[in-house]
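Enquirer: Sequence:
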Amino acid sequence: MCTILCLAATHFSVVQPLVPRYSRAALQLLGKAARLFSERLSCPVTTQNSEALISASFLMQYISWSHLGFLDDHDQFDLSADPLFRLSSGVRGVLAEAIPNLSGSDNPFLTASLYSPKGAITSAIVQRGLDPRAYVRQFMALWDDPAYGPVHSGNDAETSPEQFVSPLGCPKPPCRSHSQTQASLHPQHSSDPRRTAFERIAERLSLLLCLVAMSGVTDEHSPSEDLVRLRPEIERCFLTFPVLYSRVFRGRALQDDPRAPVTLYHFYRAARILLDSPTAWWAGQRSRVFESRILRELQSRGLCMCVSVELGQSTLIQAG
Numbered sequence: 001m002c003t004i005l006c007l008a009a010t011h012f013s014v015v016q017p018l019v020p021r022y023s024r025a026a027l028q029l030l031g032k033a034a035r036l037f038s039e040r041l042s043c044p045v046t047t048q049n050s051e052a053l054i055s056a057s058f059l060m061q062y063i064s065w066s067h068l069g070f071l072d073d074h075d076q077f078d079l080s081a082d083p084l085f086r087l088s089s090g091v092r093g094v095l096a097e098a099i100p101n102l103s104g105s106d107n108p109f110l111t112a113s114l115y116s117p118k119g120a121i122t123s124a125i126v127q128r129g130l131d132p133r134a135y136v137r138q139f140m141a142l143w144d145d146p147a148y149g150p151v152h153s154g155n156d157a158e159t160s161p162e163q164f165v166s167p168l169g170c171p172k173p174p175c176r177s178h179s180q181t182q183a184s185l186h187p188q189h190s191s192d193p194r195r196t197a198f199e200r201i202a203e204r205l206s207l208l209l210c211l212v213a214m215s216g217v218t219d220e221h222s223p224s225e226d227l228v229r230l231r232p233e234i235e236r237c238f239l240t241f242p243v244l245y246s247r248v249f250r251g252r253a254l255q256d257d258p259r260a261p262v263t264l265y266h267f268y269r270a271a272r273i274l275l276d277s278p279t280a281w282w283a284g285q286r287s288r289v290f291e292s293r294i295l296r297e298l299q300s301r302g303l304c305m306c307v308s309v310e311l312g313q314s315t316l317i318q319a320g
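Residue numbers for the sequence shown follow this note's numbering, so the first one is 1 and each next one is one higher.
Note that these hints are calculated values from the structure, not bench results. Hints are supplied without guarantee of correctness; some may be wrong.
[What the hints assert, rightly or not] Simulated restraints, written as ranges between beta carbons of each label pair:
no.: 1; residue 1: Leu5; residue 2: Thr279; range: 14 to 24 Å
no.: 2; residue 1: Pro108; residue 2: Pro44; range: 16 to 26 Å
no.: 3; residue 1: Glu51; residue 2: Gln299; range: 40 to 50 Å
Here a beta-carbon is modelled for each residue, glycine too, at the ideal position from N, C-alpha and C.
Modelling step: build the complete structure from the supplied sequences, incorporating the hints.
Expert: Encoded structure:
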């Protein structure tokens, strides 16, 4: 009940920011909700408590997206201090243990936990004549280029490369077709778990960036209709991204790897553009604040990022 009240107060504090009692209530309830959730995480996951743990995990995920009280006034980006990514590791652990307990049933918590929005989003992108992997090649080209990013440690198996960083003034990688994209993913890299992990992140980000490109296309078939229809799937895709990749980003952040903030810059930029409906109230402030902070952080370090892929009549270029 404390977690539900905390989420309700957090929601009110976002939609009515000029009413201070909501933000005060949310902050007071947050400490207790976080403590209770931590206590639950320390207990064994059983058939009896699986539903409660899954529901509490989802509620805490929304709260963590909305909570920015950990940010300081120095305008610095410190991923290791972000409770969203710390909590997401716990959420992932809960789901990994709870889902087998509910397997084989028609339990709604099981259905909600297993549902993936990837299929519906991919189908919509393909129907628009676009390549869902259009941005993957550029991410992977940077991962394969020894001139980019720090030297990798030998046992980072779970560290998915979020490389999208280069010295200022770097040339844009040339665009290629989907077949060329596939050919560029060299077989000799298939056994590298770090590269494989990064490719999964690149594929998810490519879907989101394709949706961003679609949002700017104008012709007889309005892309806004596609995006409105896909709104639940798009929100789900963003909400679960930290759960899927939290360990990767935290590992990179602890090593001060610039690829983590560069990748997250594109993630939060896409969130700001795509999550513009009232149902995505939990994402608006975080996406705006983090996009701005990460961009300034990268610029202060002399880094830039650029994505350029021609999608039909649309070309998206982002550089700092």
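Enquirer: If you check each hint against the structure, which ones fail?
Expert: none
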